[in-house]
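Q: Count the sequence shown with my numbering and you get residues 39 to 513, in order.
Since the hints were derived computationally from the structure, they do not count as laboratory data.
Label-pair restraints from in silico Cβ distances:
| no. | residue 1 | residue 2 | range |
| --- | --- | --- | --- |
| 1 | 146 | 173 | 32 to 42 Å |
| 2 | 137 | 213 | 45 to 55 Å |
| 3 | 500 | 210 | 34 to 44 Å |
| 4 | 263 | 86 | 36 to 46 Å |
| 5 | 383 | 82 | 49 to 59 Å |
Below, computed lysine to aspartate or glutamate pairings styled on DMTMM-like, alpha-carbon distance capped at 25 Å:
| no. | residue 1 | residue 2 |
| --- | --- | --- |
| 6 | 482 | 294 |
| 7 | 458 | 507 |
| 8 | 210 | 180 |
| 9 | 63 | 294 |
| 10 | 333 | 173 |
| 11 | 458 | 256 |
| 12 | 207 | 170 |
| 13 | 421 | 256 |
Beta carbons: idealized from backbone N, C-alpha and C, even for Gly.
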Amino acid sequence: MLFNSYEFIFLFFPIVLSIYFILGKRLSGTANAWLLLASLFFYGYWNVDYLPLLIGSILINYLIAGWIIQSRSRISFAAGLIFNIGLLGYYKYFDFFLDNLNHLGANFEFLNVILPLGISFFTITQLLYLFDCYEGVAKDHDFINYALFVSFFPHLMAGPILYHRQMMKQFKNPALRLVNWANISQGLTLFVIGLVKKVIIADQLSPYVNLGYGNTAELDCITAWLTAISYMLQLYFDFSGYSDMAVGLAKMMNLEIPINFNSPYHANSVINFWQRWHISLTNAITACIYMPIVKYLKTRTLSHTITASFIAFFIVGIWHGAGWTFVIFALLNSFGVVVNYIWKYYKYSLPKFAAHLATLFYILVTMIFFRAASVQDAFNVLKAMLGMTDILFPQKIVHFAEVHLGLTLQVGDVPGTLPKIVFIAALLIVAFCPNSNQLIKDFKPTYKWLAFTTIGFIMAFLFMTQPTEFLYFQF
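The whole structure should be built from the sequences, with the hints applied where relevant.
A: Given below as structure tokens:
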């Protein structure tokens with residue numbers, strides 16, 4: 039079931055929300071149990087075969103967490119790490135590991151394991167909880183609330199990544215189980231903004247991106263640039279759209295979950311980009327990887343900062359997937375962050391505009407490896423962007439150049455049709471418009487808000503002919 043589907047918008051969520059508030063008013067203690075059942079149904083709707091995996095992961099982590107809370111021993115914490123990393127490694131990385139061994143001369147058969155939806159997110163969520171238990175931060179151990187914290191359907195498939203200490207306070211507050219029309223209107227606005235991002239922008243760019251990355255050997259310079267930039271826009275509007283919808287859904291239930299984006303394409307450095315993009319993941323890795331390494335190294339010298347940063351951001355990169363494209367993506371981001379720290383340490387600087395352009399170009403290159411099906415495909419795109427293939431122009435541009443400029447350009451059949459209005463609108467929105475967090479900062483339900491939300495929903499509804507999955511579901 040997708041957030042951008044008829045059954046979710048008109049059936050599942052209205053029923054869940056209505057019963058949640060009915061129970062919250064009359065049987066407050068059962069409202070969270072209802073949300074837990076709804077979340078498990080939501081996950082099982084995708085593929086019921088993987089529902090036991092989610093439930094089993096929750097049960098085992100709950101038992102390990104109790105062990106950690108009681109003993110605070112390294113053995114109990116290590117058991118939690120081994121279980122969760124082993125589970126994620128088996129489903130996400132094991133075939134990649136076997137493939138590389140086979141290239142070295144081994145002859146293993148692939149397991150052909152299908153990656154369960156959301157496993158990266160519900161695994162890292164529980165790792166964070168075990169970390170908090172070991173640090174003595176998390177002491178609450180109510181099973182219903184814990185299971186809801188892990189499986190809460192707005193964040194289950196693609197985040198934002200939640201912290202136990204943040205959510206438990208809310209789950210235990212009976213006042214939050216009563217209808218709050220201000221929160222409903224604000225959450226609905228966020229949901230509509232996310233829906234518009236997904237179905238009107240991201241999904242319209244998808245066919246052009248898929249065609250370009252599916253035929254990288256045929257790209258010329260111009261189409262390679264357009265394909266790479268289109269994916270950069272598609273990924274942002276798709277993932278930030280999901281995050282807006284998730285935050286909006288939780289808000290309608292009076293629950294606050296973290297924002298995940300803050301105008302990342304306004305960043306003026308690689309570090310600043312990751313402070314704005316997938317914020318919950320960056321914060322999680324910083325808390326659980328970067329800071330423990332820094333503490334272990336004791337003195338915070340430049341070399342220690344570089345070491346901790348490189349390891350942390352390499353893990354951020356390979357967390358997204360198994361394959362050499364993701365390894366290169368991880369290395370590029372780690373290298374970019376390290377250079378950024380060195381640059382700051384020696385107090386070098388660039389003009390703001392130049393720093394912004396350099397950051398965008400570097401992120402564009404990393405995202406080519408993030409999207410490409412193979413390393414060769416990624417290099418094909420980069421070679422075309424650098425002009426190492428033909429530079430072809432559409433017939434209209436060739437004709438204009440000949441008639442008005444006296445230039446002779448090479449005409450070619452440019453593959454695919456870029457949705458120009460959507461592409462230009464996406465660029466303008468990213469460059470000049472306030473982000474969704476800013477739009478609702480001083481939110482007040484007025485007639486203008488009602489008109490905006492209604493028009494946005496109707497437009498999105500007209501584009502919802504065949505709902506598509508969110509891109510981050512594959513990670």
